[in-house]
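Student: Two independent chains are provided; combine them into the complex using the hints.
Protein sequences, first through last, are from chains A and B. For what it's worth, the working numbering labels the leading residue of the first sequence as 21, then goes sequentially. For what it's worth, the working numbering labels the leading residue of the second sequence as 826, then goes sequentially.
Source of the hints: derived by calculation from the structure; they are not laboratory data. This one's a predicted model, so the numbers in the text were calculated from it and none came from an experiment. Treat each hint with caution, since some may be false.
[To be verified] Partial pick of chain A residues on the chain B-facing surface, computed with a CB cut under 10 Å: (1) 139; (2) 140; (3) 278.
Each residue gets a CB set at the ideal place from its N, CA and C atoms; glycine is no exception.
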Amino acid sequence: MSDFALIGPILAAMFAAATPLLFAALGELVVEKSGVLNLGVEGMMLVGAVCGFAVTIQTGSAVTGFLVAALAGAATASLFAVLTLFLLANQVATGLALTLFGVGLSALIGQGFVGIPLEGLPKLYIPGLTDLPVVGQALFGQDMMVYLAVAAVPLVHLFLYRTRAGLVLRAVGENHTAAHALGYKVLRIRFLAVLFGGAMAGLGGAFLSMDYTPMWAENMTSGRGWIALALVVFATWKPVRAMLGAWLFGGVTILQLHVQGLGIDVPSQLLSMLPYLATVLVLVLISRDVARIRLNAPACLGKLFHPDA
Amino acid sequence: MNRRTMGKAVLGLAGAAIALSVGMGSALAQDKLKVGFVYVGPVSDHGYSYQHDQGRLAVEKALGDKVTTTFVENVPEGADAERVVEQLAASGHKLIFTTSFGFMNPTLKVAKRYPDVKFEHATGYKRAENVATYSGRFYEGRTVVGAIAGKMTKSNIIGYIGSYPIPEVVGGINAFTIALREQNPKAEVRVVWVNSWYDPGKEAEAAKALIDQGADVIVQHTDSPAPIQTAQERGLWSVGQSSDMTRFGPKSHLTAIVEDWNGYYVQRVKAVLDGSWKPIDTWGGINTGMVELAPYNPAIPADVVKMADQLKADIVSGKRHSFQGPVKDQAGKVVIPEGKTATDEQILKMDWYVEGVQGKVPK
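Isolated chain B, as found in the complex (with noise of 0.2 Å):
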C-alpha cells in the first residue's frame, strides 16, 4: 500500500469514528425532548413574554430531567419570525411555542415543512396536523376589571391604551366597556392605538394624551409597563397588563390580568413525551388558571372587590358570560340579544365597538 492510499485509509477511518461517535451522541441525547419557545418580546418586559418564560421554567421544573427548554426572546412579526422558527425545528426541536399572534403564518408555514415536529401557537386561530393552538379567555378579566373601574372612576373617562386592532384587542376593549357601564353607564371609553405591543415611550405617551383628556383609569392591552407608571406620577388609577404591575404604580395599581400558562405548558410537553399530542385548541378562562387577577389595591373599597369576586365567580360557574346580551354597538343596534351569548366564533371575529367606546375600529 503506499502513502497516499494509507493517507485516505487512516481519513476514512477517522471520519468513520466521528461519525459513529455523532451518532451515539445524538443517540443519546434524543432522550432528552427538545422544546422551543419564541418570544415576541423581551422576557424582560416584566409582562407577556415574561409570564411565558415563566410557563418555560415551569416546564423545567417538573420535566428537567426528561426535556431542556430554549427560548429566543425579541423576534420580530413577520420574516425574521419564519428564520427563527425554521432555525428551531432544524435544530432538533420536536416542540415549539411560538406565543405571538403575528407568528401565525411563519409558523404554519414551517410547520408544512417538517411535519414531524409539533407547533403551538398562542393566540392564533389556524390550525394545522401539528399546529395546535391556545390562548386565555381575557376577556374574562377584563370584564371583572372592568367593573372595578366603573366603580373607581370618578371623571367617567378610561383612557385604554391598545396595540393593534386584532380581534382580541377589540374584545378585551368590548368585554370591559360593557362590564364598565354595567356599574356605571356614564362612563365612556377612549382608546389611543400606539401599533407595536411593547413601546414604553410611545406607551407613556399615549397614557399622558388620555389623561389630559380626563382619564383618571389608564388600561392597556400593551405590553410595558410605562404607563402604570405615568398614570402614578399624576395620581390616578392604573391596571397592569399580563402580569402584577405593582412595583412600578403601587397606589396607582388595582390590579392586573395575570396569564398564567404554567400549568398548560407542562400538560403539552408531557402530551408529546407520552404521545398524546392532539393539534387541538385550547381557550382556557379563570376558571383553568390561565387567567387570573393580581392582589387588588388595599385602597380599593370593600364593597367594590366583593362586587368584583362574586363576578369573578359568576363567570368560572357560568352564570355570568362576559359577552351576555343585550349588548348594543356603537349605533345602538342590538347586535347580541338578550339572553343570548356570543359565540366563540363571534368574540374570535369582532372588530366592532360596543356602546360607549369612542371612535371607530382601524381596519
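For reference, chain A alone in the conformation it holds in the complex (with noise of 0.2 Å):
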C-alpha cells in the first residue's frame, strides 16, 4: 500500500482519536470561562464512561448510554461544585481529589462489567461521498459522536461570544466581585459550568468506553483527561482553538504508530513521547507571551468567591 494512501485512513483515525479530547476540552474551557478550574476532568471522564458502558449494556440503546453518561459526568461535577463553590474548598486540591475519586468510583462500579464486550457505533455512509479518496472516510464516514464533538465547537463559540448568558458567564470569569454587585448570581452560574464540564467530560469518556474501544476497563482514559486540561491553555480559551489542538494531539498520536508501523528507523519509546511533546511545545510558545496569556485567561480562574468579602 503506498504511503500516500495512508493519508486518508490518519485523518479519518485522527479525527476519532481527537473526539474524546475535544468533549472534555471544550466542556473545561465553559468552567474555566466561568472562574472555576476544575482538575478533575479525568475522573468525571471515566464516571461517565464506565456509567455509559453499563447503562448501554443493560439497555441496548447508546443513546441513553450517553445520555446517563453526560448525567454521570455532571453529577461528579456537582461534588466538586458543592465542595468548591459552597464550602469554599481549594480549587486545585479539590479537583485532583475528585481525579482520583473518579477512578476509584469508575473501577468499582465497573468490576461487574468487565470482559463483556459491546459493538461500537454505526459509522456514517453516504454513497459517493465517503467514498471519496483520502478526505471520504474522514469527513463523512465518521459516527455521530464525532459530528457531535466538531458541531459542539460552534455551538459553544456562539454562546459565549454572541449569547447574552456567555456574556455573563465570562463576566463572572474576568470580575466576579464586579459581577455580583451588578446582581449576577455568581454562585449559581459558576455551579451550572461545572455541572456543564462535567457532563462533557462524561460524554468524552463514553466515546471511549461504548465506541473507540467498545469495553470497559479500568483506567481506560489513560491521561486523556490531563491532556484535555492542557488543551484548554494550549487553546487559550478559545473553542476552535481548541479543536485544532484536539487534532493536533490526536493526529499526532495516530502518525507515530504509522511511523512504526511502515519500520521508519526511530525509536518507539520517542515515538509515543511525541503527542505530549508537541502539546508540551506549543504550550511553550505560548506561554512565552505572558502578556497574551494574561489578556486570556479568565482574570478570577481558580479565586475562590466569597459574597460578602
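Tutor: Take a look at the structure:
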C-alpha cells in the first residue's frame, strides 16, 4: 500500500482520536471561562465512561447510554461544585481529589462489566461522498459522536461570544466581584458551568468506552483528561483553537503508530512521547508571550468567591 | 499499695494478657501458610493477570486447608512494586509470586531484606538464595500461531502489537515470523510498540494503524482484548493473548496462546509446605502444560488445523524447535546455522529481528 494512500485512514483516525479530547476540553473551557479550575476531568471522564457502558449493556440503547454518561459526569462534577463553591475548598486540591475519586469509583462500578464486549456505534455512509479518496472516510464516514463534538465547537463559541448568558458567564470569570455587585448570581452561574463541564467530560469518556474501544477497562482514559486540561490552555480558552489542539494531539498519536508500522527507524519510545512533546512545545511557545496568556485567561480563574468579601 | 501502683499493675496485667492471646492467636494462624500474589494489571484484564489469578484459585482449591492467599493487582513496575512486595513480606507472607518482568529488581531488593521469605518471579532471569524464577516457553505457542497465520493471511502483511522491546517479546516476534515464513515466504511482519502491557485505547489505535497499512492478521503481546475487537470490526483475523479471547471477536479470533500456571503454582506451594523448595529456574513449554493453545476458530480449514496440531506435537516431542537453523537476521546473516538450535541463553538475550520483520528493535 503506497504511503500516500495512508493519508486518508490517518485523517479518519485523527478525527476519531481527537473526539474524547474535544468533548472534555470544550467542557473544561466553559468551566474555566466562568472562573473555576476543575482538575478532575480524568475522574469525570471515567465515571461517564463506565456509566455509559453499563447502561448501554443493560438497555441496548446507545443514546440512553450517552445521556446517562453525561448525567453521571455532571453528578460527579456537582460534588466538586458543592465543595469548592459552597464550602470554599481549594479548587486545585479538590479537583485532584475528584480525579482520584473518579478513578476509584469507576473501577468499583465497572467490576461487573469487565470482559463484556459491546458493538461500537454505526458509522455514517453516504454513497458517493464516503467513497471519495483521502477525505471521504475522514469527513463522511465517522460516527455520530465525532460529528457532535465538532458541532459543539461553534455552538460553544456562539454561546460564549454571541449570547447574553455567555457574556454574563465570561464576566463572572473576569471579575466576580463586579458581577456580583451588578446582581448576577455568581455561584449559580459557576455551578451550572461546572455541571456542563462534567457532562461534556462524561460524554468524552463514554465515547471511549462505547465506541473507540467498545469495552470497559479500569483507567481506560489513560491520561486523556489531563491532555484535555492542557488543551484548554493551549487553546488560550478559545473553542476553535481547542479543536485544532485536539486534532494535533490525536493526529500525532496516530501518526507515530503508522511511522512504527512502516518500519521507519525512530525509537518507539521517542515516538510514543511525541504527542505529549508536541502539546508541551506549543504550550511553551504560547506561554512565552506572558501578556497574551494574561489577556486571554479569565482573570478570576481559580479564585475563591465569597459574596460578603 | 497506692492507687497509682495499682493502676500500673492492672495495665501491666492487661498488656500481658493481650500479648499472650495475640501470641497464641498468631501461633494458631501460623498453621496456615500465607501466600501472596502481585499482579501488574487487573485480574479483570481477562488475559495475563487473569491467568495468574486462576493459578492462585487453583492453589486455594487444592490446598485451601493449609494455605491462605492474598493478591494485589494493578501494581505498576518500579518503586511502587517494591513497596507492595515489602508489605506482603512484612505481613507474614512466606511465599510471594511477583508476576511481571518489571518486578525483577524490586523483588530482589525485598528478598535481601527478608531471607526467610521465598519469592517466585515470573518471566525474569535473576535468582537468589530465596528467589526462584519461572516462565513459559510462549515462543513455542508463537511458532504454532505463526504457521496458522502464514496460511490464513491473504495480504501477506501481519500486524504485531508489542508491549516493550524486551527479549521475551522480541523472541516471540521472531519465533512467529520464522514459522510464518516457512508456510508463506512472502509474508512480512510489521511491529508497533505501545510501551505498555495493558492500554486498551493505545492497543486499539495500534491495531487500526496496522490494519490501515494492509495487515489482515493482528497478533499481540499486550494484555487487553482491544485489538481482537478492532480486527473483528474490520472483518480480519486476530490472535488472543494469554487467555482465550474468543468472546471479544468470535469471527476474528483464530486461537490464543494460553498461559496455564495452575500446575506450577500448586507444585511450588507444596514445595514450601514440605520444605523441599529450591531457588530453581523453570521454563516450561507446551510439553509441561504451561503453554496451551485455545480452541481453533471453526473457520480455519481442516488441513491447516492438522498442520498446526502436527507442529504442536513435534514441538512437544522435541522434533521441532522454535529456533532451529538456518535462521537469518534482517541483514541476511545466518545467526543460527543449519542443524543447530538456539540455546536458552540466546533466546533470553534476543535483541535482533529475523528476516521478515519490518523495522529495527528499539533500544
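Student: Evaluate each hint against the coordinates.
Tutor: Hint-by-hint comparison with the structure:
Taken as an interface hint, residue 139 of chain A checks out: its beta carbon lies about 8 Å from the nearest beta carbon of chain B, inside 10 Å. Hint status for residue 140 of chain A: holds, given a least beta-carbon distance of 6 Å to chain B, under 10 Å. A cut of 10 Å between beta carbons decides the hint on residue 278 of chain A: the least distance to chain B is about 5 Å, and the hint holds.
Hint check: no violations occur; every hint is consistent with the structure.
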